[in-house]
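Engineer: Residue numbers (my numbering), protein chains in the order written: chain A, 1 to 81; chain B, 82 to 162; chain C, 163 to 320; chain D, 321 to 478.
Honestly, the hints are just simulated from the structure, not real lab data.
A couple of the hints might just be wrong.
Facing chain D, according to a computed beta carbon distance under 8 Å, are these residues of chain C, among others [what the hints assert, rightly or not]:
1) Ala178
2) Ala181
3) Phe195
4) Ile198
5) His202
6) Ile251
7) Pro263
8) Arg265
9) Phe269
10) Arg273
11) Ile276
12) Cys319
All C-beta atoms in this analysis are idealised placements derived from N, C-alpha and C, irrespective of residue type, glycine included.
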Amino acid sequence: MHVTVRLFARLRELTGAAELTRELPDGATVGAAWESLARDFPSLTAYTASVSCAVNEEYSRPSHRLEDGDEIAFLPPVSGG
Amino acid sequence: MHVTVRLFARLRELTGAAELTRELPDGATVGAAWESLARDFPSLTAYTASVSCAVNEEYSRPSHRLEDGDEIAFLPPVSGG
Amino acid sequence: MAPRVFQVTPDRLDAAALAAAVATRADGAVTTFVGIVRDHNGGRRVLWLDYEAYAPLAEKAFERIDEEARERWPEARLAIHHRIGRLEIGDASIVIAAASPHRSDAFVACRYAIERVKQIAPIWKHEHFEGGDVWIEGATADPADAGAREVALARACT
Amino acid sequence: MAPRVFQVTPDRLDAAALAAAVATRADGAVTTFVGIVRDHNGGRRVLWLDYEAYAPLAEKAFERIDEEARERWPEARLAIHHRIGRLEIGDASIVIAAASPHRSDAFVACRYAIERVKQIAPIWKHEHFEGGDVWIEGATADPADAGAREVALARACT
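For reference, chain A alone in the conformation it holds in the complex (with noise of 0.2 Å):
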């Protein structure tokens, strides 16, 4: 399946994309998209204790599954204010 990755702030640096396709096996995990997207860019495995996660524009758990068409977001921690 295909999904959307979009990535803010510092991880939109480190990978140079605000936004991603990606494949992944059906039924991969919101976690196992960090994974394969920090393969890739090992720069970010820096943030795979902090980052928060989003679903369709929902805050979302790394266990939650994902569907084809899918948009994630990863967020580096937040600073706004």
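With the hints as your guide, set chains B, C and D onto chain A.
Structural biologist: Showing chains B, C and D alone in chain A's frame:
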């Protein structure tokens, strides 16, 4: 000696005067000024326990000794904001 | 010309102008409090309020509150404007602006200031409600009362 | 038309408009918090900030914060606008307005909201300082983290 007495809010309404000139014995205190006023306007006595006073635009105490020409203000409990 | 930051005035209040008057390039936070005439009080339907002040002493009380706040939060700066005269429902009666490099001081200084205004500023509201009118009387004003100051600090959460 | 009260926008923020948008005739208090770009941070001289957001999720986070606040302070109403893009020193990055019949709820809801924004809104500041630039990274955003919510409540002094 003569002093000016300023009255505010309900005290002004009870006496019908925002400002009065009062004659007091030399060396009279602020407290004595209030007592003298309350003799002429008995409805003021309800405020004896709660009134604040100022002399020449500074908060003062009942024991403060007045001088000729002073401006005394008697202030009911406040409700600004 | 910088506006006077401690003022009793018959004019309409402007919170944005007061916030701008206290904020500097070093400030990351401005908290403002606006007191508004509301349409009810203690079960009565309020029609309008008349505010009366002993203006010169009220402005000195605002300056005193500023000094008290600076003792406690040296980086915070305050401005206080209070309106007098007839105010309709929805009109702002008081604006307090507090600026500081960090938000915590801005919040606590602002809250402290409104608590102290209610304790020691010689200002009175005359409430006109459906069926009558009444002078609202709150605290006996005593700037030297340490207990009142403690209450204000506690409400400011310090 | 009433303005949208939870919004991420590239436009200049207007605290007075946001305060007006939340206040009703029943409210006696409006507290606003304005976050401003300040000229220093952690010993660095700041030149400007770039703010980036995941806007649709940030606006949902603002709505969530509003729901959390209503649970706790049912009479308080909140509005939150956050600006994105390049901001200069002195520019407002966020405005929060909280209206309530009584001042205590307005203060605590406003403080709670800014603490929660900093915890869970997907917004990032890229600081450009004299000599370099850095992405500021604060909290790992987790709306379900009850401990973070407790911290926000404690800072709001409840």
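Engineer: Hints first: check each against the structure and report whether it holds.
Structural biologist: Evaluation of the provided hints:
| no. | hint | in the structure |
| --- | --- | --- |
| 1 | Ala178 | holds, 5 Å |
| 2 | Ala181 | holds, 7 Å |
| 3 | Phe195 | holds, 5 Å |
| 4 | Ile198 | holds, 6 Å |
| 5 | His202 | holds, 7 Å |
| 6 | Ile251 | holds, 5 Å |
| 7 | Pro263 | holds, 6 Å |
| 8 | Arg265 | holds, 6 Å |
| 9 | Phe269 | holds, 5 Å |
| 10 | Arg273 | holds, 5 Å |
| 11 | Ile276 | holds, 6 Å |
| 12 | Cys319 | holds, 3 Å |
Hint compliance for this structure: every hint is met.
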